[in-house]
Each structure stands twice: as structure tokens, then as C-alpha cells.
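Chemist: Please work from the sequences and hints to get the whole structure.
So the protein lines, in turn, are chains G and W.
3 is the number of the first residue of the first sequence in the working numbering; add one for each residue after it.
281 is the number of the first residue of the second sequence in the working numbering; add one for each residue after it.
These aren't lab readings, by the way, just hints derived from the structure by calculation.
Hints may contain errors.
To be verified - Stretches of chain W that chain G covers, calculated by requiring three or more beta carbons in the stretch to come under 8 Å of a beta carbon on chain G:
1) 313-321
2) 324-335
3) 359-365
What the hints assert, rightly or not - The list that follows gives simulated cross-link-like pairs (lysine-lysine, BS3-like), each with its CA atoms no further than 27 Å apart:
4) W:K447 <-> G:K387
5) W:K341 <-> G:K48
6) W:K360 <-> G:K77
7) W:K328 <-> G:K184
8) G:K387 <-> W:K312
9) G:K155 <-> G:K105
10) G:K355 <-> W:K328
11) W:K316 <-> G:K48
Every residue gets a Cβ at the ideal spot worked out from N, C-alpha and C, and that includes glycine.
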Amino acid sequence: MMNRRDFLAKGSTAAGAGLVLAAPSILKAADGNNDKINVALIGMGKQGRVLFEAMSNIPGLHFQAVCDIWDYNLKGGAGKVRALQGAMPNTYTDIDDLLEKEKGLDVAVVATPDFWHSPHTVKCLEAGLDVYCEKMMSNTIEGARAIVRATEKSGKLCQIGHQRRSNPRYRFTLDHLINNNKVCGTIVNINGQWNRALKSSQDISYNKRLTIDSERLSKYGFKDMHQFMNWRFYRDLSGGPISDLGAHQIDVFGWFLNCKPKSVYASGGNDYFKTREHFDNVMAIFEYDAPQGPVRAFYQVLTTTSAGGGFYESFMGTDGTVNISEMASSSAIYRESTAPEWEDLVRRGYMRKKPAPPKPAASDGVASYESAAPEEYTIPGVLNKPPHQPHLENFFASVRGNAKLNCDARHAFESEAPIFWVNPSALKKEPIVFTPEQLQV
Amino acid sequence: MSEKNSTLGQVFATLLLRLWLGIRALQTGVEKFAGKVMSDQSVEVDGKAYDPDLTEVASTKAYALDNYSGVPAALKETFKGEPLMMNWALNIFDKVLGPALIILGITILLGVANRVSLLILGLIYVGLTWGLILIKQDSGVAWLGIHVVMVAMALNWANHNRLCILKKW
Chain G
3 MMNRRDFLAK GSTAAGAGLV LAAPSILKAA DGNNDKINVA LIGMGKQGRV
53 LFEAMSNIPG LHFQAVCDIW DYNLKGGAGK VRALQGAMPN TYTDIDDLLE
103 KEKGLDVAVV ATPDFWHSPH TVKCLEAGLD VYCEKMMSNT IEGARAIVRA
153 TEKSGKLCQI GHQRRSNPRY RFTLDHLINN NKVCGTIVNI NGQWNRALKS
203 SQDISYNKRL TIDSERLSKY GFKDMHQFMN WRFYRDLSGG PISDLGAHQI
253 DVFGWFLNCK PKSVYASGGN DYFKTREHFD NVMAIFEYDA PQGPVRAFYQ
303 VLTTTSAGGG FYESFMGTDG TVNISEMASS SAIYRESTAP EWEDLVRRGY
353 MRKKPAPPKP AASDGVASYE SAAPEEYTIP GVLNKPPHQP HLENFFASVR
403 GNAKLNCDAR HAFESEAPIF WVNPSALKKE PIVFTPEQLQ V
Chain W
281 MSEKNSTLGQ VFATLLLRLW LGIRALQTGV EKFAGKVMSD QSVEVDGKAY
331 DPDLTEVAST KAYALDNYSG VPAALKETFK GEPLMMNWAL NIFDKVLGPA
381 LIILGITILL GVANRVSLLI LGLIYVGLTW GLILIKQDSG VAWLGIHVVM
431 VAMALNWANH NRLCILKKW
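Modeler: And the structure:
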């Protein structure tokens, strides 16, 4: 598979062979420059760099400008752009300055802290740019609503970064295993989780020499450098772990069921990190009236342990259970002993059968009370590129008019709206039965 | 001690140590250029390729200049929070580490200026150790300590060195 670097390198080889002099217009068409999309990178922190690495494999993108309030990120990000395309992008610490000065921009990729997602995305839409914005859309439901309104008013494209929606393994599982071949039978329960190790949940430290001056921090909504580095712990800046980690997976619940939940009941607490504003551990139960029948979905995000299988979503039905995750190794399909045979699906390549597990010892008294262990199968194939790349490819193909967004702002809002009510439910220790107003723009 | 006084055992011991240190440095340097080549064998469903992004095997290992990474990205992120770690020094270390290990591995294996090569290799291990002390990777510190001891042994036995291209230095 040819990546962007290979693509450019091969273009240069063609130029060296004399094609430039012979037929420059043909060459221009061949190297994709007629489809060139000028991109502004808004936010070049950790997630911004993840998106940039994924975009660097997509042909036809020109990274024209980079914006970040931290010089360390700004210089590092601009350096990566220069390494890729051979020229420094224009750099800015202020998005308004960027939007005022940069001409010819087509697209903005927003990867700033959550509380800036909505203001930045709205500004870019109003400036006439198509926008790819990281999830969550905002730390508040009002912020998310503002993105939907701005998108629809501007007529521009806005894709939200729920990247599983473009992952071919997820799409295959939904289209072919769950919908067409109904391997789950009737889905009755869903279980999802993201269990993250304590080590990965610590405060992020920083080099004191790289501290941003207090005036600039204050201008952009941070009280100090620690808050800037650890904005995910603060209620005014982020939705906390249920938003950071849970939003991806709770999005899959609604996407696969093709409906919104009717209620949520959550519990959470500062069980280990006593001084953080957000809960470190949250458990939530969503109830759905899905087209196929009622479904109860449990989700937990734990930041104090990695045990229990990491992160995955499990769709549990009367015939089988599909465990799916961005990690192929965490994915599996289990067939109930009473389900129709799946041999034909195996033969046609829809799934792979794993060897049968060992039978429990006959002398084991408890074993006689257990159901037979379900047969285990695997979802075929693995994604052969960075996990965000297909979602970005879908966005840029849509900008070119060759595709439809897999997660536009309105659909993303429908998915994210229930998540905004998890923390309130946990704080009040009460279930919330959704009213239409709570889930609408 | 002159070379003539070396016993066969001392010569072999020095040679073995040289080989170990040389191979260790060379291959570690080469591994800095290791990356993955993504598979293009699509999953087949009903006899047809399902999606070009969904392939049978995710990747295979391959080496290329483009893959180079001296200091792993995760470590670089960790160092970002260390007040004593100078960013410019980390950048230099990141760029130089892989090529330096390859060159030193080759010079040690071929016996080119072995004393100087070993000294530089030892200094690199000391530099790496300092970084790991900063981020409290005690097992890594101990591991590198063993390397430094081996380099010191090799320097101490340098008089027993044979099969060298350039004995000086």
C-alpha cells in the first residue's frame, strides 16, 4: 500500500524522468494537486499529533497552518509538518489570528481541549471551512448544540471524531454479522468497558522551563500550567473519563442498536484520586427500546485498573455474543449451544472458528450447574492502518464530494447527548429518564 | 601487560566480550530503523475482497530509513515532564543514538580503535542510564549498569585484544 510519502517520492521520480517539461499539466493532475486540500491544524497536543500522523498517509493534503497556545507543541507540530512536506507551515498561537490571516484554507482539524471544541469549530465553520473535530463535541450539551446549529447554518461539513464509525471491522460486524446474518439473534444486553491502569491515569507533569506565561494561560481559560496539562480532570474544561473514554464506546451502543437510550442510571466517585473534580471510576446503565426489543447496556470506565480485558464493547444476544474492540485481539464471537449452526458463515469467510475450549473435569461438582461453554469464533481481518485514518479519509473524501460523512455533527450529537447526563445522574444518585428536550438540539 | 603475555583464555575472553558488545550495539542501532509494512491481502468474504483496509495480517516487520526513531515516542513524552531534561539534548540524542550504535558496533566488531569505541559506547550507556534515573526506571538502570561493567571489563582487557584492523587508540 502506498503512503503519502511513497506517493510524493514516486511523483518526484516521474519528474526526474523529464515528464515535467513534457507535460506539466498532466503531471499536475497525476499527483493530485488539482484536488489539493489546504488544512489548518488547530491544536497540536497529543491527539493533534495522532491525527496528523494518520493524515500524513492521505494523499493531496497540504498542511498550511498550525495553531497551538503552547510553543512546545507549536514548534514540534510545525517541525513534523516540515518533515513531511518540506516546508514550514505558518504558525499561530491564536485561532482568530489564523483565521484572519490565512487565505485559501479549506479545512480545519480541531484537536484542542474539550471545552474549546465548540468555540473553535463554530469559528472555523463561520469562516467557511469544513471541520473535523475531535469528540466529545464539547464539555457541555449546549456547546454540542452550538456545533450542530453552526454546521447547518453554514452548510459546511463537520465530522466528529468517533472514529469507530469508519473502522471497516466495526462496519463489517454491524452490517454482516449483527444485521444481515443476525449472529446475536435478539440482542438483550450490552456490556462495554474501558479499564485503564493506574499508571496511565496519573497527573501529566511538564518541564518547568516550558511553562506558558500566566497571561496567555488565563486568556485561554486555564488557571495554571498544571490545569493546562491536566484539563481532563476539571469539570469546567472536560466531561471526565466517561466523556474521554466512554464516549467512543457508548457511541457504538446507539449506532449498532440504531436508537437512543430512554434512561441512564450512573454511579461514580473519587475512589482513588480524591482531589480530582471528575469521578475516577464511573458505572452507568442505559436502557434502550430498540427496534428489536428492550436492551439494557452497562458501561464502566475505571482509571485504577487495567484488569478485566482493557476496552471493548460486547453485544449479547440470544444466539450469540459479539465482542468488538479497536484491538483485534480483544474481539471474539461466542455461539450459544442452541443457536443455528454457523458453519456456512465460516465457510464463506464471515468468521473464523477457534479450537473448542477444554471440557470441565467430570469430578468438578460446580460444573454440572454451568451452561456449556459457548463455541468461540473470531471476526476476520485487522485494520491495516492507524485507527483514525479511515475516519479522516471518509472526511476528506466527503470534502471532495466523493463520500458521505460517517459521523456528521447531528448524528454525533444524537450519540453524545445521553453521555452528558451520566455525570449528573451519578452526582444526584438518581436515574434520569430522558425527555425529548434533553436529547434534542 | 604486553600482548605476548596473554594466555589463550584471556584472548578468547576478550574476543567474546568484544563480539557481545559489538553485536549488542550494532543490532540495537539497526532496530531503531525497524517498522511495520502493512499487509495488502484483503479479507475475502463470499469469495470477494471485502475492504482494502481490512487485511488478513496487520503488518510484518521491515527496516527503512523512514522508520527511524532514536528515543521511543512514549519515552520522549515522559521526558517532557522532567525539569532536568534539556529538550535540545534529547533531540540530539534522539537523532544520533541509532547511527552511533551502528557505527560503534561495527568498529568494535572489526577492531577499529577499540579503546575509543568502547569509551564512547560506555558514555552512551551512561547517558541512557541518566535518563532512566530521571524517570525512575530502576530495572533499566540496573540493566545498563551491567552493560557499563562489561564495557569496563573490555577496556581493562584491551591488551589481550587480537584480530584488530586498527589497534591504535
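Chemist: Indicate, hint by hint, whether the structure satisfies it.
Modeler: Hint check results:
1. Chain G is given as covering the segment 313-321 of chain W, and this holds because 3 residues of the stretch bring a CB closer than 8 Å to a CB of that chain, at least three being needed.
2. By the rule of at least three residues with a Cβ nearer than 8 Å to a Cβ of chain G, the coverage given for the segment 324-335 of chain W holds, with 10 such residues.
3. Look at the segment 359-365 of chain W against chain G: 5 of its residues bring a Cβ nearer than 8 Å to a Cβ of that chain, three or more, so the hint holds.
4. Between W:K447 and G:K387 the alpha-carbon distance is near 49 Å, which puts this suggested pair outside the 27 Å criterion.
5. For the hint pairing W:K341 with G:K48, the CA-to-CA distance comes to about 26 Å; that is within 27 Å, so the pair holds.
6. Taking the CA atoms of W:K360 and G:K77, the gap is near 14 Å; set against the 27 Å cutoff, the hint holds.
7. For the hint pairing W:K328 with G:K184, the CA-to-CA distance comes to about 21 Å; that is within 27 Å, so the pair holds.
8. For a cut-off of 27 Å, the pair hint linking G:K387 to W:K312 stands: about 21 Å separates their Cα positions.
9. The hinted pair formed by G:K155 and G:K105 meets the criterion: a straight-line CA distance of about 22 Å does not exceed 27 Å.
10. For the hint pairing G:K355 with W:K328, the CA-to-CA distance comes to about 20 Å; that is within 27 Å, so the pair holds.
11. Simply put, W:K316 and G:K48 have alpha-carbon atoms about 22 Å apart, close enough for the 27 Å limit, and the pair holds.
Hint 4 from the list above is the single one not met by this structure.
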